Every structure is written in structure tokens, then in C-alpha cells.
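Enquirer: Each protein sequence line maps, in turn, to chains A and B.
Here the working numbering is used: the first residue of the first sequence is -10, the next is one more, and so on.
Here the working numbering is used: the first residue of the second sequence is 22, the next is one more, and so on.
Note that these hints are calculated values from the structure, not bench results.
The model shown is predicted, which means the values in this text are computed figures rather than measured ones.
Ideal Cβ placement from N, Cα and C applies to all residues, glycine included.
Relax, there's no trap hidden among the hints.
Only pairs whose alpha carbons sit at most 27 Å apart, straight line, appear in this in silico BS3-like list of lysine-lysine:
| # | chain 1 | residue 1 | chain 2 | residue 2 |
| --- | --- | --- | --- | --- |
| 1 | A | 424 | B | 318 |
| 2 | B | 223 | A | 434 |
| 3 | B | 316 | A | 435 |
| 4 | B | 316 | A | 426 |
| 5 | A | 426 | B | 225 |
| 6 | B | 223 | A | 184 |
| 7 | A | 265 | B | 462 |
| 8 | A | 270 | B | 462 |
| 9 | A | 320 | B | 451 |
| 10 | B | 231 | A | 426 |
| 11 | A | 432 | B | 316 |
| 12 | B | 231 | A | 435 |
| 13 | B | 318 | A | 427 |
| 14 | B | 462 | A | 320 |
| 15 | B | 231 | A | 427 |
| 16 | B | 316 | A | 434 |
| 17 | A | 427 | B | 225 |
Calculated Cβ distances over 10 Å to all of chain A for the following chain B residues:
| # | residue |
| --- | --- |
| 18 | 49 |
| 19 | 54 |
| 20 | 66 |
| 21 | 68 |
| 22 | 98 |
| 23 | 143 |
| 24 | 189 |
| 25 | 194 |
| 26 | 200 |
| 27 | 239 |
| 28 | 320 |
| 29 | 323 |
| 30 | 325 |
| 31 | 408 |
Label pairs and their in silico Cβ distance ranges:
| # | chain 1 | residue 1 | chain 2 | residue 2 | range |
| --- | --- | --- | --- | --- | --- |
| 32 | B | 193 | A | 72 | 51 to 61 Å |
| 33 | A | 427 | B | 455 | 51 to 61 Å |
| 34 | B | 231 | A | 255 | 44 to 54 Å |
| 35 | B | 356 | A | 417 | 16 to 26 Å |
| 36 | A | 417 | B | 323 | 28 to 38 Å |
| 37 | A | 436 | B | 224 | 19 to 29 Å |
| 38 | B | 213 | A | 389 | 30 to 40 Å |
| 39 | A | 186 | B | 231 | 43 to 53 Å |
| 40 | A | 436 | B | 228 | 18 to 28 Å |
What follows is the residue order along each chain.
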Amino acid sequence: MRYGNPMSARCSLILAALLACASFSMATPPDASSIILIQNATILTVSHGTLEHGSILIKDGKIAEVGPSIKAPKDAKVIDAAGQFVIPGIIDCHSHIAIEGGVNEGSVSVSSIANIAEVLDPDDIDIYRDLAGGVTTANILHGSANAIGGQTMVIKLRWGQPAAKLPFEGALPGIKFALGENPKRSNFSIPGQPKRYPATRMGVEETIRGAFTEARDYKNSWDAYNKRVAAGEKNLVPPRRDLRLEPLVEVLEGKRYVHAHCYREDEILMLLRVAKEFGFKVRTFQHVLEGYKVADELVAAGVGASTFSDWWAYKVEAYEAIPYNAALMTKRGVLVSVNSDDAEEATHLNQEAEKAIRYGGLTHEEALKLITLNPAIQLGIDKRVGSIDVGKDADLVIYNHDPLSAYAVAQKTIVDGRVLFDRDKDVAERAAVEKEKKELLEKEKKAAEKKPDEKKPETKTPEDKPKPPSDAVKRDSGEEMVSSPDGGAR
Amino acid sequence: MSGKLAYFFAASLFLCAGQRSAARQTVSAFAITHAKIVTLAGSPIEDGTLVIKDGKIAGVGAAVEVPAGAQIIDGKGLQVYPGLFDPVTQMGLSEIGAVSSTVDSSEIGSYNPDVVAATAILPSSEHIPVTRAAGITEVLAVPGSGGFDFSGNRNVIGGQASAFHLAGWTMDEMQIKRNVAMVLNWPQIETRTFDFATFSRKEKPYADAKQEYDKQVNELTDWIERARHYAQAIGHGGPSDFERDVKLEALAPVIRGQLPLLVFADHAREIRNAVEFCDKQKLKMILAGGSEAYKVKELLRSKNISVILRPVLSLPIEEDDPYDRLLTQPAELLQSGVKFAIGSFDNSFARRLGQNAANAVAHGLPYDEALKAVTLYPAQIFGLADQVGTLETGKIANVIVTNGDPLELTTEVKYLFIKGQLTSTDNKHKRLYEKYSNRPKP
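Just chain A, with the same shape it has in the complex (with noise of 0.2 Å):
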């Protein structure tokens, strides 16, 4: 039941351990993925167009059948959606959720040894609140403090997995590069701490350039290595392995995506040239706020655009920021996603993609293809997810209301052809959460009661927790960076 319930979460410590006593929250997730019939739903399937009063056969995890009335087979689970509204699983291109602490390792300008992959926090409250929006794939990415950052992972949404569940089976991993402000530090200085290079867009450029001069000449070198052994040489002394280097070396070699956070038209260009020079591909523009300018270039170089709905002008470079940015490089034929960068943003991604019909004029299928589609093809994962067709993974959610419109409400969300997100349940466990909660509270203070002279264990009352931001300041990245404490100034 681990599941459905944010109290098991990780609260305090102390509350954590006292829960795992809790029978409670120790049912056991249902491993076995059961048959599932969705019923009498509107079907938006993304792929082939909207099936009114539709049936989804679910077996093995899987979209098994797809169709008008299927025949509910025997053990099936019958999940009557009249009335309701099915989607493929959100599929959120730039995350920064299930992370343990910080998402920057900005000590250095290429920071590519750095991998999210060792720090995946199972338990990161904010994934059941994403899937609760409908979220069941995310990019999770390293932050943008660095003109090369670090290594990045896709995952799915597996609520109540252990960590090592997460990844997304076969999902070719990325690596996080960014330009601009951030890498540059523009917005901000560490105390005590002296100024790093780079601090302009042409020092970004040349460790971008220098990075990847150090990894062609690496990889020559384990080539020419490779070469001699297998010709037979014996007893050569290899290269010294650089781990700083070898994903550079994978994204020479296409075997891992380049996911660049940036803004300006320029550096958008830059970072293109860059790419031709050394052979290799960028797969997605991150943010790319102003790639309504160079939509042309972006089509011309095969690259993705993952961006905003209508975040702008909290820094210079997202001054000429615009709502209709994905819109408009939709339309001159730019691969788009719109993606959240934010835990809070992505419950609502569905509302965000709806953005695109307002300014710019897309159609539904094409503004629900910015969150589902769209991302499944730029992070490669389009044979296994991104729309309701057969075969291809049962990750769904069904909504109360067409899911474009800042009414819908989401029900259930299905990953693997689980129900790992439900509405009812969870408003119906809420008594029973709070009552328990109570419960282990009061049980705490009666054990630091009857032990008085023993130092009290720093018991942590709800509201000690640190404070959202003060205002409903939104950023880029996870950044620490442009985060000034100010909130008023944000």
C-alpha cells in the first residue's frame, strides 16, 4: 500500500522508522500486474486519432487490445471510464524529481563525471505527485551550472520501487550541457569562492570545444589500443581510463543523447556548429526559449526543442521569451515537447500543452502530442511509449474531463499496467493516514516523556520544514543559480 500513500514517504526520521513498524504502510506493492479492461472511455490515442466509448485490454504490463468493445476476460479488473477521458502516460522531458540533493556538481565547467544515475531517490514524495499529474515517464536531468554538466537517466514513475526499478529498460542514457546565464554564472557569485571560467558565451563555446578535443583525442587513443590488441600485440599497456571523458567519447560514438539547456538564438547556433565539427548530434534544445527565431535551423539539424509553456523574463535571457514558442516551431516542422523543469509544474503538464492551442493555434492532437509523442521520440523511447497503441507499454491515465482544459482532474494513472496512482484511494486513506500520523506523534512524546534525562531526540514538528519560496517564483533547471532568496525580487 506503499503506493497511493505519501505518508510513507520519507517524513522525519523518526517517523520513518516508527512507520516502518506500521503495518500499515507495509502491504506489499502487487508485483504481479493483473489484467485490466478500461471501459467505455474516450480514447485519445495520440497515434490514430480519438475512439469514443472505447475499451483497453491491459495484460503482462502491456496495451494488449484496443477497440470499441472488448470482452472482458475472465480475472480481468473492469475499470468503467464512462464519461471519462484516457491518455498515454505524461511523458515529462526535463525533471529534476528523485534526486538526492543537490541537481548541480558546479565546481567545475565540465562536470561530465558527475551521474544522476547514483543518486536516484526512490522516495522523493514529489514522484507520487507527479504521477498523481498524470507524470509517468521523466528526463531526469543533471542541473545547468556547468557548459558540460552531468550524466542524466530516463525514468519511469515506479512509486514504491526501489531505486534500482527506476531507470527506463533500455533508454539511452544523456548528458546535461548548458549555455548561457548559468554556465557563465551571470546571476550570481559564491562568496569566498573565485569567479569561474567561463563567463561569457565564447567561453562556453571553447570548453564545449576543448572538452571534446580532449575526447577525440582519448578515444583515439583507445582505438589505436584496441586496434593492436586485437591484431595480436600482447602486453601493451592500455590508456589510463578517464571517467570524465568516456561519456563524451558515448556521445561521439551516438551512444548517448546531448540534452542542452539554453535560451538565446546564438547560443542555440553555437552549440550547432560545435556538434558538426565533432561529428556529433544534440538530441533535444532544453528550454530553448528562443527557438521560435532559429526554427528553421533546428528542423535543418534534426534536433529536438523541449521548452516552456509561458515562463519568461525572470533573467535577460528569457526576455524575448513567448507563449507561442512551441506552437510556432511546431508548425515550421521542429520536433517539440513541453516540459516542466519543476516538481509543481509537472502535475499540471496537461494544462501547459493546452497553452499551445491558445497562443499559436495548435490543434488538440497536436498540443497533446507535446507531452506524450513528441518526448517519446526525442528521448527515444517511442517504440515502448508516447501513445495508446498495441504492444507498446500500458502507461495511461484517465482523466474526469478532456484533459486538455484546466478542469480536468486526473483519476488513475497506470504504469506497466499498474494502478500506481488513484484518486478515490487516495482521498479515502486521508482519515486513516492523519489518524496515524496522530498516533506515532503522540507515541513519540511519550517516549521522550518517560526518558527525561536522556537528551531529547530534535523532534521536528511539521512546520519547522523549510519554506516554499515566497512567492510563486518559477526557474529553469532546479537552479540554485538564478534562485535569489529574495522572493520578492525573486
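Place chain B on chain A using the hints.
Expert: Using the frame of chain A, we list chain B on its own:
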């Protein structure tokens, strides 16, 4: 048709901008006919006429006479609403968040009761046309609401908030009211803080944090006491050697109950303490933020304290709170009889005001109440409901004409009236969109 009109209007605005504004001929009367009119002061009128004259609403109803010479807007298939009122923004005070030279929202120091938002609001801010294109016609600009100044020092009294229309050539033209509320950031017991010296997060033992908190509250109490004595002194003419103190003088209307305190607090404990403080000091309080207002709803209702809620599209404070805690709060507060409005608490996200209201509807708030939470209720809470907030004869004509529900994301504002003037929905974003839509293929 409407697009053309908007374009023509935008063009004429630009032409005028280059000339002396006195040369501009303004139409003084408009009539929107055959539209569905949602007045928020009675039932909607299915096929009605709204007449605007000399900046005011001159008539609204099913059978209202169109005055001679009025410009007629055929509202067939369209809907008419009062413009939205965003009750907490930094509109005009902050242009580009990360660039301090464009930001005038927070003064240095902890106590700045004398600074007034209206002084620093930039009438030509790009945020203003962008925001009004989303149907927001008036806002409250709130200084010093972030809790910190630029050096990271605590901002306790942030300054005075000003209400203004989102159109006009100067602040004098735009201003609705200069002194609307005094911003107070209620101190917090912070066991985790951000340390500016090391640029990292720091843990603080509870006892130390509490001590710090008590010190801040004592300091605040001291300020209020001094302001009270000061107000009494000036009330009595004062002694001959009376020394003026602009800060205490600015607090005098607060002491006299003429100016409400807009108290920013989110946690239940802080809200409770703030209510207790204001009650004891006999100060009029409006709560802003209120993430945990639901925990103290009975107290808020019994003390008749209104709340400006931060966006419902925010994460809950606690990890173990229900995931939709802030989304369901408006419906819960309504049930308990707590008066509330919803604010954007931002600039660039101000246009999400309607979206936030709609999300409250999706989580149980009746539609009319959501609409009022971003129109009439802000006006009532700040004592401006005689001027804006509904479509009633005699009120300032801040009116939007839309092609649908103003809270839904696909709806467009077709016509916009601010102070009775047909106002352009053109803005920086639209212009860039048009410019780059027309970029030739390279």
C-alpha cells in the same frame, strides 16, 4: 473582424505614442450589444447590452438604450465579464527578475513602512500589456513581500501596496489607490535557513530559531508601540520639540485602523500568532499566502480575516500532506465561511490567475465563487468594490469581452476596456510571434 479591429487599434496606439497625447481623440461611449453578460451582481444576462460612457459603466441589462454616438461592438457569440483583479503582484516593480537594476520590489532594511509601491511602478513595463491580454485589468503591486532584502536581511515591514489599472500613460492616470495596505512579513521560526556567507543551507537548533523568532516579534511589537505613541502625539499636536519620523508617521494610519496590514504567512502557527498579534494591537489584518489557512479556518472566520491565497497550483508544505492540499483549500475555506481571493504572487505568471481559479473549481469550488475570487473579492477585501469588481452602473468600466470562459486556457480576450477605453491586447509576445512567423525560409 475582431482581429482586424484589434490590429487597427494597436496601430493607432503606436501612432499616438509618437504624438502629444493631448492630440489623441478618445471615443467616450461604447455599447457592447447582444452579448452574454456576467455581471457578478445578479444573474447573467443571456442577450444583453453594456454601455460604457466617460470611463464608467453607464448601463447594463437586457433592454438598455445605446446612447447616440456610441461605438457599437457586436457581442453576438461573445461573453462580457468584469476584468480580473490580481490581488498580489510585483507588477511594474520588477521587470527582469534576475537583474537587480530592473527590480524595485524590496528595500534594504527590515522596516520600511514609508515606501510606497506606486512611486516605483513603471507604466511602460512589458509585463503590463502581456498581463492585460490575459483579461487582468487591475492589480495590487506589493513591495517587500519576499521576506528578504537584497542583502538577505529580513524584511519585516515591506512597504505599502498600491492598486492600479493595467493601462495608462502615467501612474497618475493608472492609479486606483496609492495606499491600499501595509505589507508585513510575519517572522518565521526557521530551523533551516540559507546562509549567504557560504551560499549553502544551514540547520539551526529549534531553541535558537525560536529565540530569533521571539526577538523579531518583540522588535515588531516595539515598532507598533512606538508608532502608537507617535500617532497619539501627532493627534494631540505634539510637543514643541516634536521630531518628525517618516517611518512612524507612515504607520500611523495602520494604528488608526485606516490602513490594513497585509500579513504574509503560510504556516498555521505563524498565521495564528499573527492573528493574535493584530487582535491584541487592534490592527486590521488581511492574510496573504495562507497555505495552511485551512488549519486555522475557524479562527480566521471568527476574527473576520480575509485571505489572499497564493496560487493553488503550488506544492503542499509538508511531504505527507495530501498532494492536492492547496487545490482543495478554496472549497474548504468557502465551506467554513472564510472570505478569500486568489493572487498570482508574481509578475510573469500573473496571466496564470484564471488558470489557478479554474483549478480550484476542478477541486470543488463553485464556478461563480472562483470567478469572484479573482474579480469582486479582491476589490472587496481592499475596499475598492465601489469602483471595480463587478459590472454595475457607476463603476469604473474595466471590462473584458471574451470568446468563452475567462478562466479556461484556450479562451481569448477579444476586447478589453480599461477605465472605459478600448485598450489594445497587443503586447511584446504577440509582436515577436508575428515577426518570427513571417521570417522567410533561410
